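Chains as they are written, first to last, in my numbering: chain Z, 193 to 375; chain E, 753 to 935.
Simulated from the structure, these hints should not be mistaken for lab results. Check before you lean on any hint, since a few could be wrong.
To be verified - Restricting the straight-line Cα-Cα distance to at most 30 angstroms, the calculated cross-link-like pairs of lysine-lysine (DSS-like) are:
1. E:K873 / Z:K303
2. Z:K273 / E:K893
3. Z:K237 / Z:K296
4. Z:K273 / E:K867
5. E:K873 / Z:K237
To be verified - Partial chain Z-side listing against chain E, Cβ under 7 angstroms, derived:
6. L238
7. P240
8. F276
9. V288
10. F300
11. G302
12. G339
13. C342
Treat the numbers as computed from the prediction; the structure is a model and nothing was measured. Each residue gets a CB set at the ideal place from its N, CA and C atoms; glycine is no exception.
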Amino acid sequence: MPKPVPVESLLRIPRRARTPVVPALALVGIALFALEIGSASAQGKLLPPEEAFRFSARALDARSVEATFAVADGYYLYRDKLRFATVPADVRLGPVELPAGKVKEDQFFGKVETYRDRVVVRLPLERAVAGQVVTVRADSQGCADVGVCCPPNTQSVTLTLPQAGAPPGPLIDATPPRKRWFN
Amino acid sequence: MNDDSPARPSLRVRWPIYVIAALLALALGVFAFRHLPAPAPGSRDSGPLLAVSLPDVDGHPQSLAQWRGRLLVVNFWATWCAPCREEMPMFVAAQAAHGAKGLQFVGIAVDDAVKVRQFAKEIGLNYPALIGGYGAMELSKTLGNSVMALPFTIVIDPKGGVVLTQLGPVQPAQIERLVADFL
Numbered sequence: 193m194p195k196p197v198p199v200e201s202l203l204r205i206p207r208r209a210r211t212p213v214v215p216a217l218a219l220v221g222i223a224l225f226a227l228e229i230g231s232a233s234a235q236g237k238l239l240p241p242e243e244a245f246r247f248s249a250r251a252l253d254a255r256s257v258e259a260t261f262a263v264a265d266g267y268y269l270y271r272d273k274l275r276f277a278t279v280p281a282d283v284r285l286g287p288v289e290l291p292a293g294k295v296k297e298d299q300f301f302g303k304v305e306t307y308r309d310r311v312v313v314r315l316p317l318e319r320a321v322a323g324q325v326v327t328v329r330a331d332s333q334g335c336a337d338v339g340v341c342c343p344p345n346t347q348s349v350t351l352t353l354p355q356a357g358a359p360p361g362p363l364i365d366a367t368p369p370r371k372r373w374f375n
Numbered sequence: 753m754n755d756d757s758p759a760r761p762s763l764r765v766r767w768p769i770y771v772i773a774a775l776l777a778l779a780l781g782v783f784a785f786r787h788l789p790a791p792a793p794g795s796r797d798s799g800p801l802l803a804v805s806l807p808d809v810d811g812h813p814q815s816l817a818q819w820r821g822r823l824l825v826v827n828f829w830a831t832w833c834a835p836c837r838e839e840m841p842m843f844v845a846a847q848a849a850h851g852a853k854g855l856q857f858v859g860i861a862v863d864d865a866v867k868v869r870q871f872a873k874e875i876g877l878n879y880p881a882l883i884g885g886y887g888a889m890e891l892s893k894t895l896g897n898s899v900m901a902l903p904f905t906i907v908i909d910p911k912g913g914v915v916l917t918q919l920g921p922v923q924p925a926q927i928e929r930l931v932a933d934f935l
């Protein structure tokens, strides 16, 4: 049986390592890492639409769903490109009020409104019943500040409407975020 | 307890150096992977693109092979893409200035013919606009547009080699450079 090694001995930096080389290497590593994070958020790698505009939803009660778009840093969504639908079709979607966006002048389309960061929309459901399973479909389209646009994209979330008096259902993501270490 | 004798450092006392070196190597590897230019898949072969045939705004099929031998700039765009619309007047000017020398722009619209026709009229488009619909997005993916965003541009030199594959707006200086190099 090997003798257990005291933790404090492992944490001691040997005298040999106390040369400027190790801190210098560590600094270079940290600098590269910071550059890496910086480039990822600024110009860096572009995201597929379902990751740039992450859709999620939760059932508030049997008559309403709260839909959310989490817009990635450096991206924006067009207000007039947001569309919602429900499946089955007999759970009719009532009038949807989209929050006001930031007004932007577009050469071709005139005044357009855009959303950044987060958009929350309440979707009223008509003829839905408690306990029913409903799929909410959202169409969206947006662009990145670096000068590219994502094509129109459809995402959906399937949720169960809570029973009367029950608390709102859990927030469900349309696409679980994937780990992308090397992209 | 170990001793930090510089004469015979044990493996245990050297571990911080190994850990830092390993982390540094990892950081460098990730950095190089992300920032050093990597050849886009199939980026040297213009064959698949030149084999494409798509309808123009009047519905007549147009094969890209008809522009073989020219400096061909194939631009994937859409009316819903503001950065695409913004760069197109520059393409119109370059087509007018260098068309006689052999520069040929061709737009492939990820869009429908009605909107394309309207926008073409608005900016006085002087080069062919082909209607690719959303299928054109998939086509651009096979040509290196992995995130499927727009604008996406491929330039084929008169000998048939792909000399530029770019996601995001093309700068006027890039076009001037290509004209100087290949025409």
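Does the structure keep K273 of chain Z and K893 of chain E at a Cα separation of 30 angstroms or less?
-> holds (23 angstroms)
With a cut-off of 7 angstroms on the beta carbons, see whether P240 of chain Z makes it to chain E.
-> Because about 6 angstroms separates P240 of chain Z from the closest Cβ in chain E, which is inside the 7 angstroms limit, the hint holds.
Go through the hint on L238 of chain Z and say holds or violated, using the shortest Cβ distance to chain E against 7 angstroms.
-> With Cβ-Cβ at 5 angstroms, under 7 angstroms, it holds.
When you check the alpha-carbon spacing of K273 of chain Z and K867 of chain E, does it fall within 30 angstroms?
-> holds (16 angstroms)
Per the CB criterion, is F300 of chain Z less than 7 angstroms away from chain E?
-> holds (5 angstroms)
Quickly compare the C-alpha distance for K237 of chain Z and K296 of chain Z to 30 angstroms and report which way the hint goes.
-> holds (25 angstroms)
Agreement of K873 of chain E and K237 of chain Z with the hint, judged by alpha carbon distance not exceeding 30 angstroms = violated (35 angstroms)
Is the shortest C-beta separation between F276 of chain Z and chain E less than 7 angstroms?
-> violated (19 angstroms)
May I ask you to test the interface hint for G302 of chain Z with respect to chain E, counting a Cβ-Cβ separation under 7 angstroms as satisfied?
-> violated (12 angstroms)
For the pair supplied as a hint, K873 of chain E and K303 of chain Z, is the alpha-carbon distance within the 30 angstroms limit?
-> holds (21 angstroms)
With chain E as the partner, please determine if V288 of chain Z meets the hint condition of a C-beta pair closer than 7 angstroms.
-> Hint on V288 of chain Z: violated, closest Cβ of chain E at ~21 angstroms, above 7 angstroms.
Hinted contact C342 of chain Z with chain E - closest CB pair below 7 angstroms = holds (5 angstroms)
Checked against the numbered hints given earlier, the structure breaks hints 5, 8, 9 and 11 and satisfies all the rest.
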